[in-house]
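Participant: Residue numbers (my numbering): -17 to 247.
It is worth saying that the hints were derived from the structure and are not from the lab. As the structure is a prediction and not an experimental result, all values here were calculated from the model. Be a bit skeptical, because a hint or two may be false.
Said to hold, decoys possible - With a straight-line cut-off of 30 Å between C-alpha atoms, the simulated DSS-like cross-links for lysine-lysine are:
#1 K140 - K185
#2 K86 - K13
#3 K106 - K206
#4 K74 - K86
#5 K86 - K185
#6 K161 - K(-5)
#7 K216 - K185
#8 K13 - K185
#9 K33 - K74
#10 K33 - K106
#11 K185 - K19
#12 K33 - K(-5)
#13 K80 - K140
#14 K161 - K80
#15 K86 - K15
#16 K19 - K86
#17 K216 - K33
#18 K86 - K170
#19 K86 - K216
#20 K12 - K80
#21 K187 - K236
#22 K187 - K216
#23 K140 - K206
#24 K80 - K187
#25 K236 - K33
#26 K28 - K86
#27 K143 - K86
#28 K143 - K74
#29 K28 - K106
#30 K161 - K86
#31 K216 - K80
#32 K33 - K161
#33 K69 - K144
#34 K236 - K69
#35 K19 - K140
#36 K170 - K15
#37 K170 - K106
To be verified - Quick list of simulated restraints, FRET-style, between CB atoms:
#38 G32 - G142: 40 to 46 Å
#39 I51 - K28: 21 to 27 Å
#40 S60 - K143: 26 to 32 Å
Where is the CB? At the ideal position from N, CA and C, for every residue including glycine.
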Amino acid sequence: MIYNDYPLFSNIKRIINSDDYNFSELRDNKKIKYIHKDNVDLGLSKEIYGKVFSGREIYVIEFHNDQNISDISLWLESIFGTLLTYKNRGFKEYETIKPVDNPKWFFESNLSQPVHTDEGHEEKQPNIVALYCQNPSYEGGDSILVDSDAVYNFVFEKYGKKSDILFHDECLAHFSNNKFFQKRVFSKISNNIGISFSPLLNKFKCTEDVYSMLMDISAFIHQKENQYRLRLIKNQCIVFSNYLYLHSRTKFPKDSPRTLFRFWF
């Protein structure tokens, strides 16, 4: 069966635009480790990389107020490896996340984003994402994270062995006028289950069983009880695996100065 018109997104659009969804009760989360950049030595930097890449840990790293974005970029690259710039405007080391007039993409708007992995609607995606907060919003703009293990456990509990198809490249095929690829949704990363998923997947072909699983995944990751939420403050940078966590943000006022810089590794 071929699916068009963004069916996964259409299913959750009303939810993510609701007032209830965009109201966050922020709680401490033991998976999030807070650390100042000055306290990261060579040994700890290697440990941080390993724990982010395959250890399911999330780090919020605090930088000095006078550090410019180029210094921050170089420091992050020294820990997490070569920066991926192929989708950044001007092929810069980072992408600027802030609202603009007449936005084309969600990251250019003030709207609540659908929960996703970066490039989860494409053939490949980055391993690690870092989001540095230059200016927080005075209201809203809360970061959202969803654990891939929770998603897999939910799908396996409902579908059992049928869910194994999501580990195979042929589980779905994407096509458009100039692009065709097959992709898997789940993958094994060390002892973890990784995910590549976005409700913005469009023009794809899969079985009815796979489509039902995709719709259920989209619904699950947009239920607040399945999400971690936090609010970044100025000079904080959150770093996490783009396979072990999906992410998003709540809406915020159009006149908000909220500005983040996104790095891919």
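Participant: Mind listing which of the numbered hints don't hold for this structure, in increasing order?
Facilitator: Of the numbered hints, 2, 7, 8, 11, 12, 13, 15, 16, 18, 21, 22, 24, 25, 26, 27, 28, 32, 33, 35, 38, 40 do not hold.
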